[in-house]
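Novice: So you can see what is in the structure, the chains are spelled out below.
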Amino acid sequence: MTDENKVTLTIDGKTITAPKGTMVVDAAKSVGIEIPVFCYHEKLGPFGCCRMCLVEVEKMPKLTTACTLQVAPDMVVKTDTPKVEKAQQGVLEFTLLNHPLDCPVCDKGGECPLQDNTFKFGPGDTRMDFKRANNDKATPLSPVITIDRERCIACQRCTRYSDIIEQESALVMLNRGFNNEVGTFNNEPYDTKYSGNVIDICPVGALTNTQFRFKARTWDLSNSETLCAHCGCNCNMTLGSRTNNLMRIEARPNDLVDDGWICDKARFGYGFIESDNRLIEATNLIGSEKKTVKTLDAAALAVESLKKIIDEHGPESVGFIGSAFGTNEELYLYHKLFRLKLGTNNLDHKTYLDTPGLPVDHYDFLNIETANLILLIGSDPAEELPILDLRIKKAVTRKGVKLAILNDQKTELDKFADLSLRYDVGADGTALAVLANGLAGELGISSIDDDAINPSATGINEEKMKSMVELVRSGMKICVVYNPAQLTGNAIYMLKHLLTVISNIPTIECGAIPAAPHTNAVGAMDMGILPNFYPGGIPVSDKEKIEQIWGEAALPKAKGLSAMEMIDKAESGELKAMVIYRNNPIIDFPDGKRVEAALKKLSLLVVHDMMETETSLLADITLPSNGPGYDEGTTTNIGGRVQYRRRGLNTKSPPDWKIISRMINSLSEEPIEYLSSFSVTEELSKIVPGYSEINKKSIKKEGKTRETIAAINGSVPPLEKVDFSRQGLRLRVTNQLFSKDKILDASSPLAHHFLPSIVYLNEIDASKLSLSGGDKVVLVANEAEVEAIVDISNRCNPGAVIVPKVSDEQGLLKLAQRESVSWVEVKKC
Amino acid sequence: MFIFTQEDEKKIDKIVKKYPFKQSALLPLLTLVQRRDGYVSPEAMRAIGGKLELSPGYVQSVMSFYTMYHSEPTGKYIILFCHNISCQLNGADDLFAHTGEKLGVKGGGTTEDKKFTLHKEECLAACCGAPMMRINDTFYENLTKEKIDKILDSLP
Amino acid sequence: MTQILFKNIDMEGLNSIDVYESQGGYKSLEKAFAKKPDEIIEMVKASGLRGRGGAGFPAGLKWSFLAKDVFPRYLACNADESEPGTCKDRELLEKNPHLLIEGIIITCYACRIETGYIYLRGEFQHASDLMDRAIEEAYAKGYLGKNIMGSGSNLDLYTHLGAGAYICGEESALLNSLEGMRGEPRLKPPFPAVEGLYGKPTVINNVETLCVVPWIINEGPEKHAALGTEKSKGTKLVSVSGHVKKPGNYEVVMGTPIREIIYDMAGGIRNDNQLKAYIPGGSSTPMLPASKVDVLYDYESIQAAGSMLGSGALIVMDHTVNVVEATLRLTYFYMHESCGKCTPCREGTRWMWQLLNQLQNGTGTNEHVDKLLDISDNMSFKCFCPLGDAAVAPIVSGIQHFRSDYDELIKKLTTDTVAG
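Protein chains in written order, with the numbering used here: chain C, 25 to 853; chain A, 4 to 159; chain S, 153 to 572.
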């Protein structure tokens with residue numbers, strides 16, 4: 025190959041061709057030559073401090089470290105000469121000099137690079153006669169990481185990780201020389217959101233998983249290659265189990281998704297799998313008693329009851345509230361059940377407004393790094409999609425990508441942004457419109473003409489907005505990352521309009537990532553769990569296309585009820601029955617008191633969930649969902665990538681796809697028996713637009729992106745009006761990664777991250793209300809009250825408060841209203 | 004509670020202006036605090052980090068690398084007694100022992116009255132005047148037992 | 153004898169600009185600005201000036217490595233003098249700061265640098281204060297700042313103090329320290345001339361090196377090249393210390409016999425004792441026995457004798473010295489100053505110190521000596537930076553030339569054991 029970007033060299037007599045810029049250690053690996061390393065890690069770059077990878081290079085006077093040496097044309101490298109062997113033995117002797125002989129009691133045993141390198145390259149014996157230096161052993165570095173400083177070989181992988189990847193410098197090297205020690209500021213816990221990754225990268229047993237300590241030997245583990253189910257990143261991980269008990273979670277590098285890292289919620293937040301709160305059996309409410317029923321029987325009973333109600337009141341009297349926590353297969357089957365079998369369009373899975381499809385390419389994680397500009401709208405990745413946070417930080421700090429932020433709250437990423445603007449809470453639609461108009465003006469496209477769009481009513485001053493317009497206009501390759509769940513009212517249309525405008529600028533290539541926090545938010549939309557769209561973003565009104573794909577069967581054509589409309593109709597008595605799947609509306613929908621009252625009015629409430637929740641307590645029939653760890657299926661992440669989530673543990677309880685297909689089969693003349701979740705995947709791939717290439721083989725290694733769902737072109741509806749002059753303060757609910765809920769409960773090792781209920785006030789509002797930091801207050805709305813402690817931090821513009829959702833007990837959403845923006849009163853206790 | 008005085012702020016402004024990247028002001032700011040308070044406390048590290056947009060952990064990492072920063076309070080006079088080769092060849096070991104005895108801190112340490120902190124130190128670039136010691140900013144060379152006594156007794 | 157650096161060094165008030173100028177100070181600037189920057193680099197190349205900090209790399213050549221067309225550029229003057237035995241830079245800094253400033257101005261002009269930092273070790277607070285005052289005086293006279301003497305070139309010069317770390321004398325560690333980091337050395341390549349301070353092309357030179365530059369401009373490179381030997385041109389400041397009657401900094405022409413330096417300039421051995429050993433260039437250079445006292449003081453001669461000229465610190469030891477004890481002291485130094493980044497140095501210096509301790513205590517054996525040699529071999533040229541190599545120098549050379557000192561202590565063990 026005479027490719028300019030390839031270099032040919034010789035290692036141990038073997039001729040290799042490698043891309044320019046490859047390190048010799050990686051080039052050697054590619055042809056099966058192992059050069060031992062400790063401090064080198066491909067994600068952290070060359071460092072050269074352990075000296076383990078010394079090799080002989082012709083024409084170089086000294087031995088050189090292979091991890092810091094780039095391949096050069098005609099380079100001749102030798103890794104097996106006596107000189108190199110002596111050096112390797114010498115380095116290992118030094119490394120082991122004061123390293124305690126802990127192998128019999130060290131968790132790292134069996135997967136320890138120090139053990140492996142010593143066996144392969146080390147001296148057979150030690151000449152160290154002196155007493156080995158002592159240091160702290162088995163000390164908590166945090167509630168989830170244990171540090172044994174005696175074992176540390178000062179490779180600085182963990183400190184470099186904290187500096188380069190996390191951008192926190194929370195774990196640092198202290199002191200100098202032999203007194204070098206890994207530690208934290210003032211011995212405070214090493215408590216970042218992604219701290220656990222140091223356990224994976226530590227090449228010895230110095231940093232270990234406290235939860236896993238002494239639980240099992242690594243070679244006894246059964247390892248399942250699976251995905252995390254906590255958020256929309258769908259990071260790849262390995263679930264290690266022994267005798268069907270979950271032992272530990274490790275990262276499983278996928279450069280196209282997580283880049284080799286997982287957050288601490290993925291690594292340590294699996295306690296729910298063994299929670300006492302799990303729904304294990306199906307129940308049927310008879311009188312006031314919940315009687316245990318065989319699960320599949322309960323499923324059949326549920327459908328029977330639904331059919332009865334439909335026969336009496338029509339298909340519009342039943343509804344389905346699904347969830348973005350379901351897999352594609354589960355949601356596909358529920359869609360089949362309700363739309364095709366029961367004949368209703370009353371399907372939904374969320375309470376915020378969003379539409380399927382994008383007017384631009386659906387970008388994936390790698391596009392973040394190859395763009396020139398990331399435009400981050402309404403999103404707080406650190407709390408919502410942690411690995412997205414790391415990838416943005418990587419793009420900005422190491423790939424020269426610019427970051428522009430539009431948000432109503434301050435976030436950690438502000439300090440990485442070239443420009444970060446704060447719109448008023450509730451003014452997101454207007455801000456997006458003003459930005460779109462600013463760009464359109466330059467293009468000569470007509471702007472949106474609407475009274476609601478007042479450039480001086482966004483909270484962003486016009487000069488700054490001009491800078492934003494300029495920054496975007498000169499973007500070249502723009503990746504827009506937005507959180508649809510945090511846009512108010514119908515602002516989502518304005519966002520999609522903005523995308524259209526950006527993509528019309530001739531010099532710009534634009535794509536978007538819909539960064540809703542939930543695991544399978546993209547999949548839920550793709551699978552059509554929406555009242556007005558079929559799978560693949562086809563509107564219910566598109567008769568032709570629907571019949572083309574789904575056949576001539578009598579299919580409902582009128583728009584169905586959204587989730588909140590279903591609650592309304594339940595309240596009024598028009599909706600008689602609901603199936604709620606992996607959702608907890610009483611806590612997670614606005615105005616929970618009203619929701620509860622409405623649900624109680626239903627003739628039939630079926631709840632299919634993993635945990636006992638406030639909603640499931642009201643159910644007539646409950647069906648147990650296996651949930652992550654036990655379930656199998658595919659999910660589609662925020663980048664549109666479909667991946668397979670394999671189970672890690674076995675259970676006798678039937679998988680959800682079996683339960684739901686049982687329900688479908690009860691209504692079918694030709695029942696289909698699926699053999700595995702892949703059978704469902706196969707079926708859905710044939711019919712769901714965009715999923716035609718998705719099958720077991722194609723998603724095997726790194727997953728596969730489904731085709732971009734195109735948005736339907738339409739005019740932009742006028743923005744819902746917000747009366748900013750109303751009394752009270754606007755409420756902005758924010759997400760917390762570690763919130764105390766059904767997934768992370770009080771027994772979780774991450775419990776130390778839980779926060780009390782805090783209300784963040786702007787100093788202007790605080791002074792108007794005569795409030796100071798630390799005051800106890802009560803937030804009032806909807807005849808509900810939520811207690812909180814005041815923090816004055818100007819996290820948002822005046823006129824609003826920011827309240828993170830810290831726990832289910834907080835009951836925060838009780839205060840939220842159905843209108844696009846919620847208002848609360850803040851009263852001193 | 005650690006605070007920077009107005010005087011300090013003025014100095015800090017001047018310091019930061021010397022560099023195109025304010026991280027370079029880290030050692031100068033640590034030195035400012037060390038000289039002002041005799042040591043650098045965790046609160047001080049936090050404050051310095053806040054000024055320069057560096058994490059407190061980073062500040063502590065850098066601070067703990069260099070020997071001139073102390074994490075515990077030191078005496079009014081810090082005596083660095085060279086014990087490296089040229090001084091050792093000229094009897095520094097005996098003189099150090101003598102100094103330690105005189106001050107009541109054998110082997111080094113801080114005196115009870117917090118007046119002196121005595122340490123062995125590496126080469127201070129005064130080899131031609133060996134044996135020597137440095138007390139705060141002043142070098143005292145060509146030491147003898149008598150000279151040492153005189154110097155220490157004369158310090159207010 | 154030609155005095156380049158120490159001419160007038162003891163003149164009272166030399167560190168204030170009026171006295172300095174009255175002695176011809178800053179006169180070289182006019183001459184320098186009349187030439188093109190590249191011409192000055194050629195002049196310094198032709199003069200044969202080699203770096204005086206310890207590495208001895210040709211100064212002009214180093215300047216010519218600056219990455220072309222990359223700006224801004226920086227100059228870092230290495231005033232971190234910490235090599236045991238060396239005290240020459242401190243004398244220059246305290247007594248003649250303007251000479252350094254003058255040298256820096258010319259160097260920055262030649263290399264098109266507009267910002268310079270003088271990195272002084274933390275303990276040089278007094279020298280730094282004097283330098284600050286001198287810099288202020290230079291600004292006031294228009295020798296620093298914008299459009300210096302109408303030349304169109306600008307220069308801002310600042311002092312910056314370290315905080316106690318020998319390793320910061322290593323050029324890449326110095327840069328890291330200057331950037332506000334731990335003083336750990338950097339990977340090379342890239343070299344500072346390409347990617348140095350803040351990732352920009354940087355010239356790093358020792359105090360003494362830069363102080364020679366004005367003389368070269370005033371007198372011409374040929375005159376400099378006429379002094380000294382074939383490969384070592386000009387003069388060298390030698391810090392003579394240890395067991396001599398008149399320790400001090402002496403300016404010698406390159407090629408002066410070491411015997412002359414010790415016995416004539418420094419007055420000979422104290423108490424008229426016998427010379428046993430000397431270290432020619434600071435503790436990081438191998439020690440040599442008295443039999444080599446006739447070696448000439450220049451880079452090539454000392455190298456041929458099995459050592460290095462280094463920083464120019466001549467440490468003299470008489471017959472009362474136990475080489476093992478001296479080696480133990482130096483090994484402690486390297487152990488204390490190791491930055492800890494790389495495993496061989498971090499672990500090796502401590503292990504060698506432990507072994508030497510045992511030998512010094514009389515509880516060491518021949519095995520200890522064998523181990524010391526093997527550990528030295530495992531450290532030599534295997535560490536991240538030259539500190540590892542420096543650490544083994546006293547040990548290897550000590551065992552090579554003074555094995556009897558080691559044997560004495562080992563014999564003590566065997567006789568004691570036999571007796572006890």
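Please note that a few of the clues may not be correct.
In silico DSBU-like cross-links for lysine-lysine, where the CA-CA straight-line distance does not exceed 30 Å [said to hold, decoys possible]:
no., chain 1, residue 1, chain 2, residue 2
1, A, K21, S, K188
2, S, K247, A, K54
3, S, K247, A, K17
4, S, K375, S, K352
5, A, K153, S, K293
6, S, K159, A, K20
7, A, K21, S, K298
8, S, K247, A, K148
Calculated from the model, a selection of chain A residues having no Cβ within reach of chain S, i.e. all distances over 10 Å [what the hints assert, rightly or not]:
no., residue
9, T77
10, L92
11, E125
Source of the hints: derived by calculation from the structure; they are not laboratory data.
In this text the structure is predicted, and so the values were computed from the model without any measurement.
Every residue gets a Cβ at the ideal spot worked out from N, C-alpha and C, and that includes glycine.
Novice: Against chain S, does A/T77 keep a CB gap of more than 10 Å to every residue?
Specialist: 13 Å, holds
Novice: When you check the alpha-carbon spacing of S/K247 and A/K17, does it fall within 30 Å?
Specialist: 26 Å, holds
Novice: Would you check the hint for S/K159 and A/K20, treating anything up to 30 Å between C-alpha atoms as holding?
Specialist: This hinted pair is violated, its Cα atoms lying about 36 Å apart.
Novice: May I ask you to check that A/L92 keeps its beta-carbon over 10 Å from the closest beta-carbon of chain S?
Specialist: 5 Å, violated
Novice: Taking 30 Å as the top limit, are the C-alpha atoms of A/K153 and S/K293 close enough?
Specialist: 43 Å, violated
Novice: Does the claim that A/E125 lies outside the interface with chain S hold up, using a Cβ gap greater than 10 Å?
Specialist: At roughly 5 Å from the nearest Cβ of chain S, A/E125 sits no farther out than 10 Å, so the non-interface label is violated.
Novice: Check whether the Cα positions of A/K21 and S/K298 lie no farther apart than 30 Å.
Specialist: 15 Å, holds
Novice: Check the hint pairing A/K21 with S/K188 against an upper bound of 30 Å on the C-alpha distance.
Specialist: Status holds; Cα separation ~28 Å.
Novice: Next pair to validate is S/K247 with A/K54; report whether the Cα-Cα distance is within 30 Å.
Specialist: Roughly 36 Å separates the two Cα atoms, so the pair is violated.
Novice: Run the distance test for S/K247 versus A/K148: straight-line Cα separation, threshold 30 Å.
Specialist: Given that 30 Å is the threshold and the Cα spacing comes to 28 Å, the pair holds.
Novice: Hinted pair, alpha-carbon criterion (30 Å max): S/K375, S/K352. Please report holds or violated.
Specialist: 34 Å, violated
Going through the hint list in order, the structure does not satisfy hints 2, 4, 5, 6, 10 and 11.
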